[in-house]
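Trainee: Given next are the chains, with one letter for each unit.
Number of protein chains: 2
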Amino acid sequence: MNSGPLCGAVEAGGTKFVCAVGRGPDDLLATERVPTTSPAETLARVVQFFRHAERDHGRLAAIGVASFGPVDLCRASPRYGHITSTPKPGWADTDVLGPLRAAFPAPIGFDTDVNGAALAEGRWGAAREVDAFVYLTVGTGIGGGAVVRGAPVHGLVHPEMGHLRVPHDRRSDPFEGTCPFHGDCLEGLASGPAMAARWGAPAESLPAEHPAWALEAHYLALALHNLVCTLSPGRIVMGGGVMSQAALFPLIRRGLADSMNRYVQTAALSTAVDRYVVPPGLGVRAGVLGALALAIDTTGLP
Amino acid sequence: MNSGPLCGAVEAGGTKFVCAVGRGPDDLLATERVPTTSPAETLARVVQFFRHAERDHGRLAAIGVASFGPVDLCRASPRYGHITSTPKPGWADTDVLGPLRAAFPAPIGFDTDVNGAALAEGRWGAAREVDAFVYLTVGTGIGGGAVVRGAPVHGLVHPEMGHLRVPHDRRSDPFEGTCPFHGDCLEGLASGPAMAARWGAPAESLPAEHPAWALEAHYLALALHNLVCTLSPGRIVMGGGVMSQAALFPLIRRGLADSMNRYVQTAALSTAVDRYVVPPGLGVRAGVLGALALAIDTTGLP
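Protein chains in written order, with our numbering: chain Z, 1 to 302; chain S, 1001 to 1302.
Isolated chain Z, as found in the complex:
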């Protein structure tokens, strides 16, 4: 792959900001992890990283920011580039782009962390040459991005796939859900903190044979059913900390095929579901490479 112009990338996450500068996914010149503390401190360290990078490697042609959200993506809005209604303490209504805009003349690409990761998976990872696909991450939160014909989808704001409403049978699962906005939406039922609250132990401590995983796969399969019915994605890439439990993928795939019940006749939803619901090709690098993809797209160069 040819190297492009020098770009900066920030994966803005709830626990860390991962920064990088480079010319492509295999040509990163510097990276740094900044812990997510206060907005002012965190963003100052990001600016500092890019200042040092420019000193060492030259002017940045563009910067990409892939942020946790919800964020304001409407360029006409006075809050464009802000994190809006996050429950994360101190971060609601934070102008993420402001300090970067003030410090660097480079154009800045901005989108959600999951839209960025989806873009990176489509360009360099598990969804190459797939015309329309979804990236879903299941961890502290649940989020998803959709890419259609090479660009993330956002008409009104941006997708919030973690907040899908799914069937919840309170007779077999009386757990109320943890989402402060929706109670038993997908994130309320199936995020890492929801699992911990339901079972009284962190998700990563639950062994593969624990009934938690079948229930987790059940809810995730229902969510995938809804993504398939809405977008008909050509592939679904699933990442995030909760998905590191190896037992989950086979359970989710079977659950999705069972739930669709051959209404949509395609091998992807029956015999070939192993190649339809897949882990990220870029692993944990999907986030920062997503920010890099946003930066590259902002340069307007191919």
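Misleading hints may appear alongside valid ones.
[To be verified] Simulated restraints on C-beta separations: (1) S:1301 <-> Z:16: 48 to 56 Å; (2) Z:3 <-> S:1267: 26 to 34 Å; (3) S:1172 <-> Z:258: 48 to 56 Å; (4) S:1267 <-> Z:44: 46 to 54 Å; (5) Z:258 <-> S:1208: 51 to 59 Å.
[What the hints assert, rightly or not] Which stretches of chain S does chain Z cover? Using the computed rule of at least three CB atoms under 8 Å from a CB of chain Z, they are: (6) 1054-1065; (7) 1148-1161; (8) 1166-1175; (9) 1225-1238.
[Said to hold, decoys possible] From the structure, some residues in chain S lie toward chain Z, with a derived Cβ separation under 8 Å: (10) 1047; (11) 1266; (12) 1270; (13) 1272.
To be clear, the hints were calculated from the coordinates, so they are not data collected in a lab. Just so you know, even glycine gets a beta-carbon here, dropped at the ideal spot from N, CA and C.
Using the hints, position chain S against chain Z.
Mentor: Coordinates of chain S only, in the frame set by chain Z:
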């Protein structure tokens, strides 16, 4: 609006095939309704309509077919242009395009009826200048199409929004649902036939104050919640026979705003929801004009 090349259009529905020839939405030269009987008889009448149209008006530059489904939209598939797993008697595995291809040299555009209608609403109707939006029809079946940046979305097959899974509290609504594939999916709970089965009377006979409509709006609002979380559409256009009950729109809008619970901060999901969930701008013509849009796009002309 300038007129384009002469195009043929077929809205292939479960009760009628609506055929038209024309140069644009305001320039239809001939139209005909063909009742949906057997595939052979119905398609022969469609071919005959276009033969007469060519005799009277000249060669068709393209034909568009917007069909009930599920359909095979994969051009590489031997079943491209077929209706596949429909429960409609006699129509499963029907080659809809075959008779048209055999009779006319014109290129043929093909998509689902709802993707076609969505395309037409985006071009000439209620979703003009909206970058990403959804068209949902609620009638004998429930179906939806999504348009992103001017073209329908279909990665794997095509959306099947009627078969979304939504929360269903069997304590307050013990109705099992009518979908032969999924039981209580959206279509199983909220289509016209589902309403008739639940209440023992046709939907159109139920007065506006009947509790049927609040329950109907509840399920449709949950479905819209999921569409918003997945696609973040810039607008949602709702048509179909069930939606002709005027009491529904206000109930659905309020239900959507309540369900989202201000997690996504935008006027469209609170104070301006009246302009976010809207009826079709093209009324019942959305279907055949969708087929016309597919034909126009197939000519490759602007």
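Trainee: For each hint, tell me whether it holds in the structure or not.
Mentor: Structure-based check of each hint:
no.	hint	result
1	S:1301 <-> Z:16: 48 to 56 Å	holds, 51 Å
2	Z:3 <-> S:1267: 26 to 34 Å	violated, 44 Å
3	S:1172 <-> Z:258: 48 to 56 Å	violated, 26 Å
4	S:1267 <-> Z:44: 46 to 54 Å	violated, 33 Å
5	Z:258 <-> S:1208: 51 to 59 Å	violated, 39 Å
6	1054-1065	violated (count 0)
7	1148-1161	holds (count 12)
8	1166-1175	holds (count 3)
9	1225-1238	holds (count 11)
10	1047	violated, 27 Å
11	1266	holds, 6 Å
12	1270	violated, 12 Å
13	1272	violated, 11 Å
The structure fails hints 2, 3, 4, 5, 6, 10, 12 and 13 (numbered hints given earlier, in ascending order).
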